[in-house]
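Protein chains: 2
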Amino acid sequence: MPGEARIIIAGAGFGGLAATRILARAHQKVTLVDQANYHLFQPLLYQVATAGLAATEIAIPVRSIFRRYPWVEARMDTVVGVELDAKRLLLSGGYLEFDFLILALGAVTNYFDHPEWEAYALSLKSLEDAIEIRSRILSALEKAEYEKDAAKRAALLTIVIVGGGATGVEMAGAVAELTRHALRGEFRHIDPARTRIVLLEAGPRILPTLPPDLSSKAQEFLQQLGVEVRLRSPVTALGEGWIEIGAQRIAAGTILWTAGVKANPLGKAFGLPVEPNGRVLVNPDLSVPGYPYLFVIGDLAAVRDASGKLIPQVAPAAIQMGEHAARTILAELEEKNTLRKPFRYIDKGTLATVGRSMAVAKIGWIQCAGWIAWILWLFVHLIKLIGFHNKALVLFEWTWSYLTFRKGARVILRYHRPSRADSAGKAS
Amino acid sequence: MPGEARIIIAGAGFGGLAATRILARAHQKVTLVDQANYHLFQPLLYQVATAGLAATEIAIPVRSIFRRYPWVEARMDTVVGVELDAKRLLLSGGYLEFDFLILALGAVTNYFDHPEWEAYALSLKSLEDAIEIRSRILSALEKAEYEKDAAKRAALLTIVIVGGGATGVEMAGAVAELTRHALRGEFRHIDPARTRIVLLEAGPRILPTLPPDLSSKAQEFLQQLGVEVRLRSPVTALGEGWIEIGAQRIAAGTILWTAGVKANPLGKAFGLPVEPNGRVLVNPDLSVPGYPYLFVIGDLAAVRDASGKLIPQVAPAAIQMGEHAARTILAELEEKNTLRKPFRYIDKGTLATVGRSMAVAKIGWIQCAGWIAWILWLFVHLIKLIGFHNKALVLFEWTWSYLTFRKGARVILRYHRPSRADSAGKAS
Chain W
1 MPGEARIIIA
11 GAGFGGLAAT
21 RILARAHQKV
31 TLVDQANYHL
41 FQPLLYQVAT
51 AGLAATEIAI
61 PVRSIFRRYP
71 WVEARMDTVV
81 GVELDAKRLL
91 LSGGYLEFDF
101 LILALGAVTN
111 YFDHPEWEAY
121 ALSLKSLEDA
131 IEIRSRILSA
141 LEKAEYEKDA
151 AKRAALLTIV
161 IVGGGATGVE
171 MAGAVAELTR
181 HALRGEFRHI
191 DPARTRIVLL
201 EAGPRILPTL
211 PPDLSSKAQE
221 FLQQLGVEVR
231 LRSPVTALGE
241 GWIEIGAQRI
251 AAGTILWTAG
261 VKANPLGKAF
271 GLPVEPNGRV
281 LVNPDLSVPG
291 YPYLFVIGDL
301 AAVRDASGKL
311 IPQVAPAAIQ
321 MGEHAARTIL
331 AELEEKNTLR
341 KPFRYIDKGT
351 LATVGRSMAV
361 AKIGWIQCAG
371 WIAWILWLFV
381 HLIKLIGFHN
391 KALVLFEWTW
401 SYLTFRKGAR
411 VILRYHRPSR
421 ADSAGKAS
Chain Z
1 MPGEARIIIA
11 GAGFGGLAAT
21 RILARAHQKV
31 TLVDQANYHL
41 FQPLLYQVAT
51 AGLAATEIAI
61 PVRSIFRRYP
71 WVEARMDTVV
81 GVELDAKRLL
91 LSGGYLEFDF
101 LILALGAVTN
111 YFDHPEWEAY
121 ALSLKSLEDA
131 IEIRSRILSA
141 LEKAEYEKDA
151 AKRAALLTIV
161 IVGGGATGVE
171 MAGAVAELTR
181 HALRGEFRHI
191 DPARTRIVLL
201 EAGPRILPTL
211 PPDLSSKAQE
221 FLQQLGVEVR
231 LRSPVTALGE
241 GWIEIGAQRI
251 AAGTILWTAG
261 VKANPLGKAF
271 GLPVEPNGRV
281 LVNPDLSVPG
291 YPYLFVIGDL
301 AAVRDASGKL
311 IPQVAPAAIQ
321 MGEHAARTIL
331 AELEEKNTLR
341 KPFRYIDKGT
351 LATVGRSMAV
361 AKIGWIQCAG
371 WIAWILWLFV
381 HLIKLIGFHN
391 KALVLFEWTW
401 SYLTFRKGAR
411 VILRYHRPSR
421 ADSAGKAS
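Residue numbers (the UniProt record's numbering), protein chains in the order written: chain W, 1 to 428; chain Z, 1 to 428.
For chains that are exact copies, the list does not tell them apart, and a pair is met inside one copy or across any two.
Within a straight-line C-alpha distance of at most 30 Å, the following computed BS3-like cross-link-like pairs (lysine-lysine) qualify:
| # | residue 1 | residue 2 |
| --- | --- | --- |
| 1 | K87 | K143 |
| 2 | K309 | K341 |
| 3 | K309 | K268 |
Bear in mind the hints are in silico, worked out from the structure with no lab data behind them.
Full structure from sequences and hints, please.
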């Protein structure tokens with residue numbers, strides 16, 4: 001028989017899902033709220049943006065994940081507030097009363113002090129973002145094919161990626177593979193392989209969380225694929241079709257922003273205690289001071305390790321926090337008055353892939369680069385992806401892509417529904 | 001060495017593609033213009049709308065289809081006009097001069113005398129349409145799950161499909177399978193299997209182009225799946241969330257319009273001679289009277305068979321016309337002054353599937369219904385779909401779906417890009 005406590009988890013990202021899974025298996029009544037009807041496997045989002053995978057291949061309906069646990073409810077709704085003392089989670093479609101709440105609202109793209117840049121530099125956080133980036137990259141090539149002005153054509157064939165973290169590096173590698181290999185032989189007036197791909201990193205090296213020799217190795221891989229890697233190159237200005245690094249201006253048809261994330265501003269908006277970076281201050285057990293029934297996990301939580309360093313905003317940390325919060329709730333429900341255990345983060349390592357047979361990995365004290373790291377990357381991502389259906393599709397896409405050098409999802413979708421007047425030229 | 005004539009084909013639907021293929025193989029210089037960068041396999045569009053297939057699985061990049069024919073150019077652009085005497089095709093991004101032009105601009109949804117209905121009754125002609133229908137159907141169920149008002153809940157759980165042709169029938173069957181099987185066990189407060197599905201047909205039977213006994217059989221199949229089939233029920237009025245058949249009003253969260261198509265209005269707009277239905281009048285060789293270098297094919301052309309009956313607006317007719325027009329051009333290029341052959345339509349039959357093991361088929365004088373027709377349907381659609389990649393994916397999706405009763409692409413995409421303020425509740 002399921003437990004009687006009302007547990008609510010807000011956010012179906014890695015953290016929220018991990019917490020729900022623990023509680024579901026323990027027969028606890030859980031409501032998992034998310035504004036989307038699916039869990040998004042974000043580590044592969046850049047592959048949707050570069051036409052390697054279909055959007056639906058990395059999005060798994062939340063209902064379907066928990067269909068065998070009748071005591072778990074998936075609710076698609078938007079979180080708009082929390083009444084901390086009344087223990088109510090406010091949704092745009094009503095409210096939910098809780099005995100325990102786990103807030104796992106994640107992060108949003110950080111344009112630092114330039115929110116106005118969002119209009120020109122596309123972020124990569126949602127499926128809609130990825131579909132839009134895919135359309136923009138492919139459309140720029142389509143336009144370049146018939147652009148007669150050499151300067152305009154060169155601009156259309158320039159893609160600037162801001163940010164040398166894992167997303168920026170993986171994105172740059174995938175764009176290189178798309179333009180260098182997948183489109184070979186398909187254009188008549190341009191050579192997509194000559195697309196200029198610039199990766200801008202403000203700091204002294206890419207992948208700064210990895211050891212310096214792996215950063216160098218990844219940079220070497222990118223350069224082999226023809227990516228221009230520019231270190232110590234902070235963006236100073238950008239607008240429609242151009243970006244500036246100090247005095248230097250680059251005309252670019254596509255500008256992608258992967259320079260950072262920040263905690264979902266809802267933490268602060270809900271009146272929770274936050275650090276200057278917007279992450280919510282939590283006790284060692286991940287609960288909010290003064291509210292033992294409210295946990296904050298994942299990218300939204302400011303958790304420090306023994307040395308006082310903030311735990312990074314990565315999926316494994318969110319998963320571990322989700323499991324910790326869920327186990328704390330379970331312990332409390334099973335035997336009252338237990339002493340809560342502090343959360344300890346176990347760094348399982350970092351993997352980043354650049355392209356075919358090129359990846360870097362640091363797992364414990366093992367470091368590797370190249371083919372082995374690449375196989376490891378494939379393997380880890382495939383097993384972490386939820387569901388047989390999605391695993392099988394992604395494995396097929398990767399195998400096909402590996403054998404043929406092609407990419408299967410090269411479709412330009414019109415984001416805003418076209419009016420009928422636009423339908424010229426489209427046959428039945 | 002490729003030929004020197006400039007041949008332009010406007011529209012990459014079935015007709016345009018068939019014409020291009022013939023000319024490509026004959027080493028003719030062809031430019032294929034379409035507003036999309038892909039050929040859409042429309043017969044399976046309803047499966048995207050009902051979450052059985054991903055959008056990219058039925059959309060094949062035009063460039064990729066003809067990549068091995070360097071003398072064929074794919075141009076993504078919108079046709080805006082034709083200068084018949086100057087032999088120029090006007091595009092939104094310039095113009096193209098031609099020696100031969102094949103117009104294959106297809107059809108658009110026909111709301112008959114009620115263009116205002118378009119806002120409330122969704123059509124199914126483009127990938128964007130299909131993605132929107134999928135989101136609407138899934139969203140209605142999500143809303144119904146938490147709707148406390150019984151009447152509102154019942155309305156959300158009502159889907160009305162207008163039009164008992166092949167698209168309406170296949171759509172109704174697929175919605176039934178989605179709600180009756182694929183979502184089993186996933187909701188906590190509603191039973192999606194009790195979704196009311198109403199198929200409205202104005203005439204006396206569904207699938208009117210098939211023999212009456214196959215119409216009855218298809219209706220029986222639909223009823224087995226719990227679809228309410230209403231014959232002789234022309235829509236008299238509709239609006240946001242409701243539809244009327246005479247005095248009877250049905251409150252419905254989702255209204256889909258598959259009641260008919262009409263020729264792309266561009267035929268008339270370009271000043272071509274048209275029938276009252278908008279289809280362009282053509283000579284027996286498919287050229288426009290007075291313009292031997294201009295061919296009109298597919299849903300846009302008004303072609304009559306020997307008995308004077310208009311040839312139906314279906315894919316096989318478009319393909320045959322495309323091939324005929326292409327061969328006529330080839331003959332003319334190879335030996336001048338040939339007598340042009342008249343087009344003859346060969347009716348290859350009709351297939352429509354209702355659901356698992358339920359289909360109807362008429363091929364020549366062979367008629368069948370049930371399991372054999374269903375296998376035939378699967379086989380024909382799979383071989384007609386272009387490309388190994390897409391065939392393999394669709395085969396996998398169908399097999400998986402057959403074995404598990406599930407549907408793999410149940411993702412609600414937000415059509416208009418959400419603002420950042422909407423991102424509450426979406427974890428990283």
